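Chain residues, written in single-letter form:
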Amino acid sequence: MNVFMIEMKAHRKSLIIWCIAMLLMVGTGMSKYEVFSTSGQSLNEVMSKLPKVVQSIFGIGVFDLSKAGGFYGILFLYLVLMTTIHSAMLGATIISKEERDKTTEFLMVKPISRDKIITAKLIAAFVNILILNIVTSISSMVVVGYYGKGESVTSDIGLLMAGMFILQLIFMVIGTTLAAVSKKPKTAPAVATGILLTAYLLSTTIDINLKLESLKYITPFKYFEAKNLLSSGGFEPVYIILSALIIGVLLSATYLFYRKRDLNV
Amino acid sequence: MNTIEINNLTKTYGKARGITNVSFNVEEGEIFGFIGPNGAGKSTTIRTLLSLIYPTSGSAKIFGKDCIEFGPEIKKEIGYLPSEVFYYDNMKVMDLLNYSASFYKKDCKKRIKELAEIMNLDLNKKIDDLSYGNKKKVGIVQGLLHEPKLIMLDEPTSGLDPLMQQKFFDLLKEENKKGATILFSSHVLSEVQKMCERVAIIKEGKIIKIERISDLKENNYKNFELETLSKIDQNYFNINGVTNLLVKDNSVSFLFKGNINLILQKISVIEIANLWIEEPNLEDVFMHYYEKGE
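Same order as they appear, the protein sequences are chains A and B.
One point on numbering: in the working numbering, the residue at position 3 of the first sequence is 3, and numbering is uninterrupted.
One point on numbering: in the working numbering, the residue at position 61 of the second sequence is 61, and numbering is uninterrupted.
Mixed in with the good hints, there may be bad ones.
[What the hints assert, rightly or not] Each pair of labels, with its calculated beta carbon distance range: (1) A:D101 - B:N38: 44 to 54 angstroms; (2) A:A244 - B:K173: 24 to 34 angstroms; (3) A:T119 - B:M94: 18 to 28 angstroms.
[What the hints assert, rightly or not] DSSO-like, lysine-lysine: derived pairs with alpha carbons at most 30 angstroms apart: (4) B:K222 - A:K186; (5) A:K116 - B:K106; (6) B:K105 - B:K178; (7) B:K203 - A:K102; (8) A:K102 - B:K257; (9) B:K149 - A:K116; (10) A:K13 - B:K178; (11) B:K257 - B:K178; (12) B:K194 - B:K209; (13) A:K9 - B:K209; (14) A:K102 - B:K222; (15) B:K257 - B:K222; (16) A:K183 - B:K248; (17) A:K13 - B:K231; (18) A:K32 - A:K186; (19) A:K9 - A:K227; (20) A:K49 - A:K67.
If you are wondering where the hints come from, they were derived from the structure by calculation, not from laboratory data.
In this text the structure is predicted, and so the values were computed from the model without any measurement.
Where is the CB? At the ideal position from N, CA and C, for every residue including glycine.
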């Protein structure tokens, strides 16, 4: 409990900043919708003139851009990118920071097992990403609701945010695993972000080049895409199973490797 | 009973040397010195005992229990002061000490106050703003606040002024009187000499000697220093038993172990201006151990 409290306090400031960033992102993103929707020209028309490649990246054709809910579908991609970066960095940092700050010799000589320390840190990271998700969800519902003028958006946004939360979890445990495995845990946040960006690039590459379609299982960004979620109205079971597997395996890896590794002091 | 039992502890870092077959015991209630130059393996040994790192082979027991298997349990009764202290910067001293105390199922408030008073430590300052010496004091209070039965100190005095060192040594002696066992690692011999009953000397990862401090000094080593009236041959005193021989102009100094009459006969033959025969300090004896291996 004490380790959990200390971690919550240590990440409080950064969490507040991230929450404000998400609020601004949703606010400014949706304010563009207002500009388009009042300019008289149909956004759908403009977008349909874009190259097919660009269209497929944004999921244009699926979303009805004349509606706030559809416009939000595009914005969602960037919300996911931001919150997953937060999760990956948080996961990597929360495990590696004792070694980075050389506080290992303080914490690890206390009568507490490494497993318990990891558990406390994982719960703290979990609560952090949950708060960021809730803040993003509420601000999305309020802002999209405001521009939507009566459109029913709450359930759609709820579905998207649930998908985003699973992605956040996946990247959080990618971060914790890297920090637990690495002999140079200081580099874990950078490596985690690198993996994230690679996965993101892969997902856009798949959008552009349909021959790579089969690679969609490799990158989590393909699991819960707005264009699929909104059109089908739910998750595909295969991706839920894949996500659960990834999270399960990486969680155990975090414990296993951290238990066995020599700590840097 | 042995508080610490180390059996053939070996730790290798890839090709780099760690420690090799380190074995020694620390008896309950004793102050045990652990000396060797920087990089000899003192910290590696201590960190293995604390299961911060795992041994390549060999094992160690603390309070009769394996130090890795029962790590969290035995750490309830261990206080540790690392050689370099680093803490969570944006905490106040008091917050850090309370955090530290929260791991022990004891009320440590009173002891924190006592220790802070002895060590002259301001509890309301931010750790960020503390000087190195003051951070070290936080480390001392932090290591002792739960009144541990075993205190492990890794080069504890660096950064402390002589007055604080003295207070700290008094504090340790008091804890020792109350029954605490102390493992004191250092490369400063005079402090080990002052504090410890027995000492293990480590060099290049290997224990080269375990001895009582009193034996070390009484080992018939004598420190000779003399001034001659005329220059003498460089090798005049280079006989069996003489080490650390230094001849410079008319002054000669060396360490001698053996039949004292032999050396006195040698001296009686030459004309000397002055002569000192002293108990060697541990430093001299220690250097002697080191040079032998090279």
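(request) Against the earlier hints, flag every one the structure doesn't satisfy and list their numbers going up. (result) Going through the list in order, the structure violates hints 1, 2, 4, 8, 10, 11, 13, 14, 16, 17, 18, 19 and respects the others.
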